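Could you put the whole structure together from the sequences, leaning on the hints where they help?
Counted from 1, the sequence shown has number 584 at position 584 by UniProt numbering; the numbering is strictly sequential.
Some clues are possibly wrong.
Claimed, not checked - When the alpha-carbon atoms are kept at most 25 Å apart in a straight line, the in silico DSS-like pairs for lysine-lysine are as follows:
| id | residue 1 | residue 2 |
| --- | --- | --- |
| 1 | LYS341 | LYS398 |
| 2 | LYS347 | LYS398 |
| 3 | LYS840 | LYS779 |
Derived by calculation from the structure, the hints in this document are not laboratory data.
This structure is a prediction, so every number in the text was calculated from the model and none was measured.
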Amino acid sequence: MPTRTAHLNVTGMSCANCSATIEDALGDLDGVVSANANYATDEGSVEYDPDAVSLGEIFDAIEAAGYGAVSETVTVAITDMSCANCAEANADALESTPGVIEADVNYATDEARVRYNPADASPGDLYDAVESAGYSPVRERGGDAADGGESGAETGESDAPRDARDAAREEEVRRQLRLTLFGAALAAPLLLFMADHLLFDGALFPETVFGIRIGWVQFLLATPVQVVLGRPFYENSYKALVTNGRANMDVLIALGSTTAYAYSVAALSGAIAGSLYFDTAALILVFITLGNYLEARSKGRAGEALRRLLEMEADRATLIDEDGDEEEVPVDEVEVGDRMKVRPGEKIPTDGVVVDGRSAVDESMVTGEAVPVEKREGDEVIGSTINENGALVVEATKVGADTALQGIVRTVKEAQSRQPDIQNLADRISAYFVPAVIVNALLWGAVWYRFPAALAAFVNGLPLWGLVAGGPAVAGGAVSVSEFAIVVFASAVLIACPCALGLATPAATMVGTAIGAGHGVLFKGGDVLERARDVDTVVFDKTGTLTEGEMELTDVVAFDRDGDPVPDGGAARRAESEDGDAATSDADPDPATPDAERDAEDEVLRLAAAAERDSEHPLARAIVEGARERGLEVPEPETFENVPGQGVRATVDGSEVLVGNRKLLADEGVDASAATETMERLEREGKTAMLVARAPADTNGGELIGVVADADTVKESAAEAVAALRNRAIDVMMITGDNERTARAVAERVGIDPENVRAGVLPEDKSDAVEAIQADGRKAMMVGDGVNDAPALAVAHVGTAIGSGTDVAIEAADVTLMRDDPLDVVKAIRVSDATLRKIKQNLVWALGYNTLMIPLASLGLLQPALAAGAMALSSVSVLTNSLLFRRYDPDRDYRLLGRLR
Numbered sequence: 001m002p003t004r005t006a007h008l009n010v011t012g013m014s015c016a017n018c019s020a021t022i023e024d025a026l027g028d029l030d031g032v033v034s035a036n037a038n039y040a041t042d043e044g045s046v047e048y049d050p051d052a053v054s055l056g057e058i059f060d061a062i063e064a065a066g067y068g069a070v071s072e073t074v075t076v077a078i079t080d081m082s083c084a085n086c087a088e089a090n091a092d093a094l095e096s097t098p099g100v101i102e103a104d105v106n107y108a109t110d111e112a113r114v115r116y117n118p119a120d121a122s123p124g125d126l127y128d129a130v131e132s133a134g135y136s137p138v139r140e141r142g143g144d145a146a147d148g149g150e151s152g153a154e155t156g157e158s159d160a161p162r163d164a165r166d167a168a169r170e171e172e173v174r175r176q177l178r179l180t181l182f183g184a185a186l187a188a189p190l191l192l193f194m195a196d197h198l199l200f201d202g203a204l205f206p207e208t209v210f211g212i213r214i215g216w217v218q219f220l221l222a223t224p225v226q227v228v229l230g231r232p233f234y235e236n237s238y239k240a241l242v243t244n245g246r247a248n249m250d251v252l253i254a255l256g257s258t259t260a261y262a263y264s265v266a267a268l269s270g271a272i273a274g275s276l277y278f279d280t281a282a283l284i285l286v287f288i289t290l291g292n293y294l295e296a297r298s299k300g301r302a303g304e305a306l307r308r309l310l311e312m313e314a315d316r317a318t319l320i321d322e323d324g325d326e327e328e329v330p331v332d333e334v335e336v337g338d339r340m341k342v343r344p345g346e347k348i349p350t351d352g353v354v355v356d357g358r359s360a361v362d363e364s365m366v367t368g369e370a371v372p373v374e375k376r377e378g379d380e381v382i383g384s385t386i387n388e389n390g391a392l393v394v395e396a397t398k399v400g401a402d403t404a405l406q407g408i409v410r411t412v413k414e415a416q417s418r419q420p421d422i423q424n425l426a427d428r429i430s431a432y433f434v435p436a437v438i439v440n441a442l443l444w445g446a447v448w449y450r451f452p453a454a455l456a457a458f459v460n461g462l463p464l465w466g467l468v469a470g471g472p473a474v475a476g477g478a479v480s481v482s483e484f485a486i487v488v489f490a491s492a493v494l495i496a497c498p499c500a501l502g503l504a505t506p507a508a509t510m511v512g513t514a515i516g517a518g519h520g521v522l523f524k525g526g527d528v529l530e531r532a533r534d535v536d537t538v539v540f541d542k543t544g545t546l547t548e549g550e551m552e553l554t555d556v557v558a559f560d561r562d563g564d565p566v567p568d569g570g571a572a573r574r575a576e577s578e579d580g581d582a583a584t585s586d587a588d589p590d591p592a593t594p595d596a597e598r599d600a601e602d603e604v605l606r607l608a609a610a611a612e613r614d615s616e617h618p619l620a621r622a623i624v625e626g627a628r629e630r631g632l633e634v635p636e637p638e639t640f641e642n643v644p645g646q647g648v649r650a651t652v653d654g655s656e657v658l659v660g661n662r663k664l665l666a667d668e669g670v671d672a673s674a675a676t677e678t679m680e681r682l683e684r685e686g687k688t689a690m691l692v693a694r695a696p697a698d699t700n701g702g703e704l705i706g707v708v709a710d711a712d713t714v715k716e717s718a719a720e721a722v723a724a725l726r727n728r729a730i731d732v733m734m735i736t737g738d739n740e741r742t743a744r745a746v747a748e749r750v751g752i753d754p755e756n757v758r759a760g761v762l763p764e765d766k767s768d769a770v771e772a773i774q775a776d777g778r779k780a781m782m783v784g785d786g787v788n789d790a791p792a793l794a795v796a797h798v799g800t801a802i803g804s805g806t807d808v809a810i811e812a813a814d815v816t817l818m819r820d821d822p823l824d825v826v827k828a829i830r831v832s833d834a835t836l837r838k839i840k841q842n843l844v845w846a847l848g849y850n851t852l853m854i855p856l857a858s859l860g861l862l863q864p865a866l867a868a869g870a871m872a873l874s875s876v877s878v879l880t881n882s883l884l885f886r887r888y889d890p891d892r893d894y895r896l897l898g899r900l901r
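This is how it looks when you write it as structure tokens:
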């Protein structure tokens with residue numbers, strides 16, 4: 001069997017055992033002959049049978065083993081694809097190139113997005129593969145390949161490649177316009193001859209002019225059109241049939257126009273008896289070329305949203321050196337760590353953090369949020385967003401291809417290249433459609449040739465019969481049987497081109513993903529757009545998703561040695577906000593609280609804060625911050641141990657201190673029953689209550705000394721998001737590691753059925769919980785923060801990361817919401833739903849057109865020239881329908897609903 005050898009640059013190996021692990025993982029794949037990994041050089045090689053295992057599966061096996069293999073991604077612009085079959089031919093050519101991991105070719109954008117192994121392939125190899133398939137890539141100096149990184153890593157695109165692709169697209173539009181104008185100038189007189197023939201029975205023009213038969217005039221006009229406009233179709237037909245072994249749209253056009261032209265030449269020369277169809281041959285090519293021009297222009301407009309986003313990038317930055325001197329430089333010269341001054345009205349050059357100043361920043365271009373966001377020292381800012389009113393000093397944290405804007409562009413472009421499953425069906429139809437059309441045309445041509453009288457009698461009474469195709473003429477003998485059979489063949493071939501079918505899905509997907517990006521919703525692929533529409537259950541994480549994720553200390557309750565709460569338990573210092581949210585405890589002593597009580601509570605809080613001082617958990621940070629706000633000194637613990645899912649154990653002032661849940665204290669033999677009523681009360685209020693126990697060094701057992709409680713504020717839009725989802729008949733659930741009572745309190749506040757709450761779920765068990773929800777056939781969207789929820793996001797039907805759009809979130813989720821707003825979950829589903837509706841509309845246009853027109857042409861009811869015009873119009877109509885989708889506003893119904901309320 002023929003095998004290939006792939007050379008790999010492996011990342012993540014730390015010892016010889018790593019090499020053995022990778023070799024074992026690859027050796028388990030069917031089709032792998034041998035595998036080697038060298039820990040010393042971070043390199044490897046695999047000999048494999050490409051018919052049994054793909055390079056992509058090899059890379060996936062390395063990743064599944066816990067390592068990485070360096071890959072790069074490049075976008076290749078292709079200028080002369082004419083249908084979905086062309087895209088498939090390019091994809092096959094690229095994927096058969098050694099070193100290519102995967103290739104997605106999008107006919108609507110005229111681009112191929114290729115992931116490849118840089119150890120075995122280069123952008124030049126990809127260009128050669130496209131050319132070998134018979135198409136023309138835009139060769140770009142430097143390309144947009146990644147500089148290297150772990151598997152799947154990509155970088156942004158430099159201005160030069162983007163300009164090269166835009167220039168190629170614009171040149172294609174100009175070329176199609178020039179061809180259309182040239183053809184129209186010569187075909188216009190031919191159109192008069194056609195009108196004379198159809199409407200006036202040849203009475204307008206004499207048979208000869210100055211002794212020259214009028215047919216030769218038509219020949220002289222039609223031949224340049226056939227040569228100049230027909231050349232691209234002939235060349236592409238040759239490439240499709242000979243190079244790629246498949247028929248495409250160009251084959252149908254070449255067959256239809258050549259049939260009419262060749263038959264006319266034969267009739268003009270006297271080789272056969274029949275009418276002339278030079279007008280038909282020329283108008284076929286003119287109408288198709290006009291359609292190509294309109295299509296090329298529409299494709300460019302469909303991508304305007306993404307290009308406008310790129311055009312928003314800042315191009316200059318004002319750097320500040322150590323002496324405070326300012327220098328304006330191109331943004332490409334900014335490096336991580338540089339400090340930049342951003343004046344009011346200027347764009348923030350790169351992603352960074354504010355080190356000085358305060359202002360409001362317009363982030364609408366990234367998040368879709370129209371209200372400027374307040375920024376102060378320590379806050380992160382996004383490159384290319386606009387500083388509104390105050391001067392800022394920003395330290396660059398990400399530059400060039402690593403900025404959030406470039407990340408958005410990469411995500412959108414990847415989404416446009418990954419098509420939904422419905423597109424796979426359309427591609428399969430297109431692959432078999434062209435041969436079927438040719439067979440159908442040959443069959444009906446033969447039937448008309450063999451049974452002209454019977455067919456003429458059958459269709460003689462139909463509308464338009466004879467008006468456009470001359471049916472009565474064949475029935476009456478004015479037109480020869482062979483002549484009309486050829487007319488039917490040409491019409492049936494031309495009317496059925498599947499280009500509209502090939503454009504139906506990618507054109508709508510391209511617009512839909514751009515709409516989402518413009519409103520702060522990033523879809524990772526067109527397939528995700530399709531899956532999101534089928535979601536019937538949305539599962540929210542609680543902390544940081546439905547709540548703000550900023551915990552605050554709200555309660556401290558001390559217990560005496562008898563296990564009873566100290567009188568009032570600090571209730572005098574608890575304040576409740578008007579909406580029921582717990583307010584932060586007062587830092588000042590309450591005169592109404594006895595000093596003994598105050599001292600007891602402070603001691604509980606001091607010990608709890610000391611025990612939690614080394615913990616990074618949000619609950620711990622709130623306790624420590626609350627103690628410091630009270631002016632308490634928080635000592636460093638002598639020992640510290642985190643007990644996953646239960647709390648912490650630490651040694652403070654020589655005593656062991658426990659802070660955590662009931663199980664932690666029970667495992668340590670501490671009786672916490674006295675705190676049951678207090679714990680239940682706090683949890684009913686939606687707070688997270690933690691027990692505090694102490695075991696002095698001179699005792700054998702521990703004792704309960706108090707309870708501390710934190711609270712997390714529910715996001716303003718959480719209840720509205722839940723209500724909107726339920727209005728769409730979508731079940732809403734919540735998964736949290738918090739306790740049952742607190743979880744149910746938050747669920748009640750936002751409108752989630754308490755029966756749909758899964759509480760006490762550890763982070764590593766969330767994925768199991770999501771799988772259990774989906775086990776009965778549900779299609780769940782998991783909504784989390786994209787970091788600790790990553791496993792659950794991965795197993796969900798659709799994983800959605802809500803938050804700031806960080807790199808981790810984008811990698812972990814299928815959908816990334818750039819704002820911390822649960823309502824954008826509804827927006828994502830609405831964009832998905834609208835895009836799928838638009839795709840189906842386009843498919844109805846395309847398939848409905850073919851379903852209607854093929855029988856008409858087969859029955860002789862359509863002139864070939866009109867068939868060509870109708871075919872060209874079908875593609876333009878699909879693109880126009882997709883362009884109208886750009887007006888869609890996913891927020892519109894929210895505003896309408898608000899006015900109705």
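Unsatisfied constraints (hint numbers, rising) | none
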